[in-house]
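S.K.: Spelled out, the chains give:
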Amino acid sequence: MKFVKIGLSLVITVALVYFLNRSWNFGKPIPPLGKFLDPFGGFWQNAEVKERENETLLLEGLTDEVIIHYDSLLIPHVFANNDEDLYLAQGYVTAKNRLWQMEFQTHAAAGRISEIIGAAALDYDRTQRRRGMVFAAENSLKSMEGDPVAKAMVDNYTRGINLHIESLSYKDLPLEYKLLNYSPEPWTNLKCGLLLKNMALTLNIGDKDLEMTNALKLFGKDVIELLWPDDEVVTDPIVDNTGNWKFEPVTLDSLPLALPDELITITPLEKPSKDVGSNNWAVSGSKTHTGSPILSNDPHLNLTLPSIWYVIHLQAPGVNVMGASLPGSPAVISGFNDSIAWGVTNAQRDLVDWFKIEFKDKSKSEYMSDGQWKAARKMIEKFSIKGSDPFYDTITYTHHGPVTFDESFHGDNELKSYAFRWIAHDPSEEILTFYKLNRGKNHDDYMEALNHYTSPAQNFVFASTSGDIAMRIQGKFPVRRKDEGKYVLDGTKTATEWQAYIPNDQNVMYKNPARGFVSSANQYPTDPTYPYYITATSYEAYRNRRINKLLTEMSDITPRDMMEMQLDNFNLKAAESLPAFLSYVDTTTFSQPQRNAYRILSAWDYENSIESEAASYYEAWWDSLFPLVWDEIKNSKVALDYPTAYQTIKLLKEKPELSFFDIVETPEKETARELVHQAFIKGVEKVETWKIEKKKEPHWADYKDTFIAHLLQGLPAFSYHVQHGGNHDIVNASNGRSGPSWRMVVSLEKTKVRAWGVYPGGQSGNPGSPFYNSMLNTWATGEHYQFQFEPEANKIKSVISSITLKPATK
Amino acid sequence: MKFIIQLLGTIVVCFVLQSFLPWWTMAVGAFTVAYLVGNKGFPAFVAGFIGVAILWLGMAFYIDALTHSILTEKINRLLPLNAFVATLIVGGLVGGFASLTGSLIRDRR
Numbered sequence: 001m002k003f004v005k006i007g008l009s010l011v012i013t014v015a016l017v018y019f020l021n022r023s024w025n026f027g028k029p030i031p032p033l034g035k036f037l038d039p040f041g042g043f044w045q046n047a048e049v050k051e052r053e054n055e056t057l058l059l060e061g062l063t064d065e066v067i068i069h070y071d072s073l074l075i076p077h078v079f080a081n082n083d084e085d086l087y088l089a090q091g092y093v094t095a096k097n098r099l100w101q102m103e104f105q106t107h108a109a110a111g112r113i114s115e116i117i118g119a120a121a122l123d124y125d126r127t128q129r130r131r132g133m134v135f136a137a138e139n140s141l142k143s144m145e146g147d148p149v150a151k152a153m154v155d156n157y158t159r160g161i162n163l164h165i166e167s168l169s170y171k172d173l174p175l176e177y178k179l180l181n182y183s184p185e186p187w188t189n190l191k192c193g194l195l196l197k198n199m200a201l202t203l204n205i206g207d208k209d210l211e212m213t214n215a216l217k218l219f220g221k222d223v224i225e226l227l228w229p230d231d232e233v234v235t236d237p238i239v240d241n242t243g244n245w246k247f248e249p250v251t252l253d254s255l256p257l258a259l260p261d262e263l264i265t266i267t268p269l270e271k272p273s274k275d276v277g278s279n280n281w282a283v284s285g286s287k288t289h290t291g292s293p294i295l296s297n298d299p300h301l302n303l304t305l306p307s308i309w310y311v312i313h314l315q316a317p318g319v320n321v322m323g324a325s326l327p328g329s330p331a332v333i334s335g336f337n338d339s340i341a342w343g344v345t346n347a348q349r350d351l352v353d354w355f356k357i358e359f360k361d362k363s364k365s366e367y368m369s370d371g372q373w374k375a376a377r378k379m380i381e382k383f384s385i386k387g388s389d390p391f392y393d394t395i396t397y398t399h400h401g402p403v404t405f406d407e408s409f410h411g412d413n414e415l416k417s418y419a420f421r422w423i424a425h426d427p428s429e430e431i432l433t434f435y436k437l438n439r440g441k442n443h444d445d446y447m448e449a450l451n452h453y454t455s456p457a458q459n460f461v462f463a464s465t466s467g468d469i470a471m472r473i474q475g476k477f478p479v480r481r482k483d484e485g486k487y488v489l490d491g492t493k494t495a496t497e498w499q500a501y502i503p504n505d506q507n508v509m510y511k512n513p514a515r516g517f518v519s520s521a522n523q524y525p526t527d528p529t530y531p532y533y534i535t536a537t538s539y540e541a542y543r544n545r546r547i548n549k550l551l552t553e554m555s556d557i558t559p560r561d562m563m564e565m566q567l568d569n570f571n572l573k574a575a576e577s578l579p580a581f582l583s584y585v586d587t588t589t590f591s592q593p594q595r596n597a598y599r600i601l602s603a604w605d606y607e608n609s610i611e612s613e614a615a616s617y618y619e620a621w622w623d624s625l626f627p628l629v630w631d632e633i634k635n636s637k638v639a640l641d642y643p644t645a646y647q648t649i650k651l652l653k654e655k656p657e658l659s660f661f662d663i664v665e666t667p668e669k670e671t672a673r674e675l676v677h678q679a680f681i682k683g684v685e686k687v688e689t690w691k692i693e694k695k696k697e698p699h700w701a702d703y704k705d706t707f708i709a710h711l712l713q714g715l716p717a718f719s720y721h722v723q724h725g726g727n728h729d730i731v732n733a734s735n736g737r738s739g740p741s742w743r744m745v746v747s748l749e750k751t752k753v754r755a756w757g758v759y760p761g762g763q764s765g766n767p768g769s770p771f772y773n774s775m776l777n778t779w780a781t782g783e784h785y786q787f788q789f790e791p792e793a794n795k796i797k798s799v800i801s802s803i804t805l806k807p808a809t810k
Numbered sequence: 001m002k003f004i005i006q007l008l009g010t011i012v013v014c015f016v017l018q019s020f021l022p023w024w025t026m027a028v029g030a031f032t033v034a035y036l037v038g039n040k041g042f043p044a045f046v047a048g049f050i051g052v053a054i055l056w057l058g059m060a061f062y063i064d065a066l067t068h069s070i071l072t073e074k075i076n077r078l079l080p081l082n083a084f085v086a087t088l089i090v091g092g093l094v095g096g097f098a099s100l101t102g103s104l105i106r107d108r109r
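Going down the list, the sequences are from chains E and A.
Using our numbering, you'd call the opening residue of the first sequence number 1 and step up by one each time.
Using our numbering, you'd call the opening residue of the second sequence number 1 and step up by one each time.
Do not rely on the hints blindly, as some may be mistaken.
The calculated lysine-lysine pairs, modelled on DSS-like cross-linking and capped at a C-alpha distance of 27 Å, are [stated by the list, open to error]:
id, chain 1, residue 1, chain 2, residue 2
1, A, K40, E, K5
2, E, K436, E, K752
3, E, K476, E, K356
4, A, K2, E, K364
5, E, K274, E, K637
6, E, K416, E, K382
7, E, K795, E, K806
8, E, K28, E, K382
9, E, K2, A, K40
10, A, K40, E, K362
11, E, K436, E, K142
12, E, K221, E, K637
Just so you know, the hints here were simulated from the structure itself, not pulled from any lab data.
With the sequences and hints as input, model every part of the structure.
M.R.: Structural data, given as structure tokens:
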């Protein structure tokens, strides 16, 4: 009997320990509770205070001493004696604060999220592999490692990250590892490549080729010109250099391409958000108070925690640079040094094509190209899945790129396949661009640095203490014939392929224009006299004009003016559409709430400010109107893309009788007038319902609800709602889920470069750290921090702690 | 008296073990102390439960006070029950059953 008791008690104890030592999934994932709750090693150990102890660490691979001072924002100021140590220290300190995020993002890029969260992520992972993300990162890695400078940078950065990873015991692991019960794997150079390709994925993968092919078949060419023109003629391109493009452009044998004539029933991949975009501008000394240029940049990306950016100051002989870095990539990406400053916005350009592949037979081992059967390459991709058996996917590669869609993925016909051609698949050495920009002294250095830049194509703004300002749209751009790239292409003929690229010195650019400023906001790149055909999924049409208007009017500009301008909430889209919309509304049959909304809207100053109620009514109205206008597209059985907001408003105003405005489902014949009226009723109803649900007045910040979401599907416990104005199409482009992910203003005074910045998050990626969200409220209220940009270690003030890295003697 | 000895012994031994080793070594500690002290089954279970619970809660409260509850609040939103309660139950149960096993084995003849 006693032995039964003993056995039972022992079994319970062991079973309990076993149960509590591993994670489970009972509908909801459960962390390993024993490990997780243990206050000696579990989550409790991730709770931190502001104060940090000074540390001295011996690191192998370091050649000399490195000093890192954390200032009061936990920004590391890294002082090294050579480049190798500098990038090792950057890797080390970035990993110390952002390790989980760095690895998670590269796992996401590589299609490996199923390993962490299970089968729910398998479709996402397959998409990533079928886009050729790893293929792209490998190509990029090859060219990085082919250059001795880039190789040394990446090697040391990787070593720094790994030194940190090796130093970790369970109790030091970032919280998310404990929650999901896994551990970091060694960092590799490939992961740096993956991280950069992840940016290319966010920024340069926009395409609507399948959708446009369907639109061509359904509506014909005239409708395409009307709804989706190549250039919406918005005015205010990035570079207006009319008549001054003095070069001999590369030309192709301009045989017109045969346009496709078919309907494609494939379900396209989920599109990246169209609201990612950015602003940048630089004003010359002639317009500023100090007489020195001021540069400003705010990239609009998904607002996540841990933040996508990590601010760092890197100092070594020959380099003294500060600004926003991407955790997972060495160097500073958007920043300044003691001579120059630069910033980026996304260049809208079609850098994606789909080639229709004709396979010889079901084996898909050969495909047609110029009358011959070419051998295809097969890659077997293994997907490890948490809690299930691995999944295998065979991906066929043609010389165009991976065959993304086939009968096993989003397609329905085993012989109708589409191969994916993407600029980010090409070898590239962006890291060298940033290496050189970080050390740049003048405009020539900036130009040279950009020659190494391939993708994702960006509008690089520039300003220097010597007084120059400049803008250059840099990327590797195929030379295209008219309409090329808008529709799916015939993959059986090499004549349809990208045959030449625009030489770097023929890219869109200029320096010191007469108007005294340069700016970009994802709009159409240039004037009509630029000799190359340009097409993209969409262009921005409002922020650009607002920015240019403000900058034209301003003089005696101070850095504060520029910071305030980043927070500009003027809604140009509303200013251009609301008067017409209001005139379309039939006011005779109004209910009380409708009359009230109409009155509020009529008195609106077009500011999407935090308190504005009119902004809520306008946006609710617009959000109801847009799908009503394009019901033909929304309800289409095949994939179609929507025209832009700009084009929609233009048509509503100028062609109110357009056949598209008729709602197909109703017997009546609607025009713009009826649609706008119906949308108004719906919009008001939406706001009224919201008021009842939330028991609040519809102030814009509440109605919009800006949510800064943790990378793990916005875990509420680690995410925040903040009060913030703005919206898409507004300079302060915060639309609730994406927006200004980094705001920077740099005054390039000869005596001293001064800089300010902020981002919606904090320097620590640890939800248990006071620095996890320490800049969030400053960002939300529209303030900036002045950065400590000192060339000497002992001048950094309010240091909260210091790390001294010393070479370990072997 | 033996109850108090087992309780204090569990706290001290488990504290030392957990300062260096994984969380589950606490079960080995509680087991060993219970075996050596030799309480009867039920009191042994209770002493082990309370001992580990005090140790875990004490440490948790210490961290929580030091860090102004910065993480506790977030974990409370993440877990279906309060983080302190969860910590107490999990630590206590393992400590209790390990101690019970220790006491039963000593008492086997």
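S.K.: Is it true that the CA of K436(E) sits at most 27 Å from the CA of K752(E)?
M.R.: holds, 21 Å
S.K.: Assess, step by step, whether the Cα of K2(E) is no farther than 27 Å from the Cα of K40(A), and give holds or violated.
M.R.: Status holds; Cα separation ~13 Å.
S.K.: Keeping to a limit of 27 Å between CA atoms, is the pair of K274(E) and K637(E) held or broken?
M.R.: The hint holds at about 22 Å.
S.K.: Sort out whether K364(E) lies within 27 Å of K2(A), counting only the CA atoms.
M.R.: Judged against 27 Å, a Cα distance of about 77 Å means the pair is violated.
S.K.: Does the structure keep K221(E) and K637(E) at a Cα separation of 27 Å or less?
M.R.: Between K221(E) and K637(E) the Cα gap is close to 20 Å, so the pair holds against 27 Å.
S.K.: Do the alpha carbons of K476(E) and K356(E) lie within 27 Å of each other, as the hint requires?
M.R.: holds, 23 Å
S.K.: Does K382(E) sit within 27 Å of K416(E), going by the straight-line distance between their CA atoms?
M.R.: This hinted pair holds, its Cα atoms lying about 24 Å apart.
S.K.: Next pair to validate is K40(A) with K5(E); report whether the Cα-Cα distance is within 27 Å.
M.R.: Satisfied, since the Cα-Cα distance of roughly 13 Å is no more than 27 Å.
S.K.: Against the 27 Å threshold, does the CA-CA distance of K40(A) and K362(E) hold or violate the hint?
M.R.: violated, 74 Å
S.K.: CA of K436(E) to CA of K142(E), is that 27 Å or under?
M.R.: This hinted pair holds, its Cα atoms lying about 19 Å apart.
S.K.: Given the proposed pairing of K795(E) with K806(E), does the C-alpha separation stay at or below 27 Å?
M.R.: Distance of about 21 Å is within 27 Å: holds.
S.K.: Given the proposed pairing of K28(E) with K382(E), does the C-alpha separation stay at or below 27 Å?
M.R.: Holds, because 26 Å separates the two Cα atoms, which is no more than 27 Å.
Against the hints set out earlier in the document, violations occur for numbers 4, 10.
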